[in-house]
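Take a look at the letters that make up each chain.
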Amino acid sequence: QQQVKQSPQSLIVQKGGISIINCAYENTAFDYFPWYQQFPGKGPALLIAIRPDVSEKKEGRFTISFNKSAKQFSLHIMDSQPGDSATYFCASDFSGSARQLTFGSGTQLTVLP
Amino acid sequence: DAGVTQSPTHLIKTRGQHVTLRCSPISGHKSVSWYQQVLGQGPQFIFQYYEKEERGRGNFPDRFSARQFPNYSSELNVNALLLGDSALYLCASSLRAGGVDTQYFGPGTRLTVL
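Quick note, the sequences are listed as chains A and B, same order. Position in the first sequence counted from 1, then plus 103, gives you the working numbering. Position in the second sequence counted from 1, then plus 5, gives you the working numbering.
Since the hints were derived computationally from the structure, they do not count as laboratory data. Cβ coordinates follow ideal geometry from the N, Cα and C atoms, glycine included. Keep in mind that a hint or two might mislead.
Here are the computed lysine-lysine pairs in the BS3-like style, where the Cα-Cα straight-line distance is at most 27 angstroms [what the hints assert, rightly or not]: (1) A:Lys160 to A:Lys174; (2) B:Lys18 to A:Lys145; (3) A:Lys145 to B:Lys35; (4) A:Lys171 to A:Lys161; (5) A:Lys108 to A:Lys145; (6) A:Lys161 to A:Lys108.
Not the full set, but computed from the structure, chain A residues with beta-carbon under 8 angstroms of chain B [claimed, not checked]: (7) Lys108; (8) Tyr135; (9) Pro143; (10) Gly144; (11) Gly146; (12) Pro147; (13) Leu149; (14) Phe192; (15) Gly199; (16) Arg202; (17) Gln203; (18) Leu204; (19) Phe206; (20) Ser208; (21) Gly209; (22) Thr213.
Produce the entire structure from the sequences given, and follow the hints as far as they go.
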């Protein structure tokens, strides 16, 4: 079964700190790795995504680091803010003719003021 | 612009009943995907439809079915409901069937099976 393993399950960070969430995938055919942010009562929203041809992608305070040989990728949230408190999901997909996101189990992030 | 819309917002059914969930994609999007999100877990892929044709099916029983209409809206049907079908059902739309187009998710339909 194609799995994406995500850790930690929950994370508490002080305002201004760095939040780090890790994911590992099994299927080497995956070639698209997005991170989604979900607030209570809302659907997931795309935060940032990376393809395996680059090792890092940065958008504002959010950075994805990608290690193809280890089949791991991580999300770093710099200068974490209370408004970042949400559940974060990593996912993996194929960029072929159909879409089938495989999600991790989620990380509940709490940023303390 | 309106995002992905889903109806109803909440639904309560009893075991053995049938349910129909509806989704309207973002204007111009031709692909609709359905996901099931059990409380405390990540979404699980159920179906993808593109131009009214099924493009992908996840590991769900035949009690689950879906279809896409000419206006690209979609319905998810679940027959013979089980307690384990209680979940948030998410619809996502994108421009194309494949590639790396962003998938935009709706707010979901919360289904409770008693």
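Verification of the supplied hints:
1. A:Lys160 to A:Lys174: holds, 16 angstroms
2. B:Lys18 to A:Lys145: holds, 22 angstroms
3. A:Lys145 to B:Lys35: Status holds; Cα separation ~22 angstroms.
4. A:Lys171 to A:Lys161: holds, 17 angstroms
5. A:Lys108 to A:Lys145: Holds, because 23 angstroms separates the two Cα atoms, which is no more than 27 angstroms.
6. A:Lys161 to A:Lys108: holds, 22 angstroms
7. Lys108: violated, 11 angstroms
8. Tyr135: holds, 5 angstroms
9. Pro143: Cβ of Pro143 (chain A) sits 11 angstroms from chain B, so the hint is violated.
10. Gly144: The hint holds - Gly144 (chain A) has a Cβ within 8 angstroms of chain B, the shortest such distance being about 7 angstroms.
11. Gly146: holds, 3 angstroms
12. Pro147: holds, 5 angstroms
13. Leu149: holds, 5 angstroms
14. Phe192: Nearest chain B Cβ about 5 angstroms off; hint holds.
15. Gly199: holds, 5 angstroms
16. Arg202: holds, 6 angstroms
17. Gln203: holds, 5 angstroms
18. Leu204: holds, 6 angstroms
19. Phe206: The hint holds - Phe206 (chain A) has a Cβ within 8 angstroms of chain B, the shortest such distance being about 3 angstroms.
20. Ser208: Ser208 (chain A) check passes; min Cβ-Cβ to chain B is 5 angstroms, inside 8 angstroms.
21. Gly209: holds, 5 angstroms
22. Thr213: violated, 16 angstroms
Consistency with the previously given hints fails for numbers 7, 9, 22, ordered from lowest to highest.
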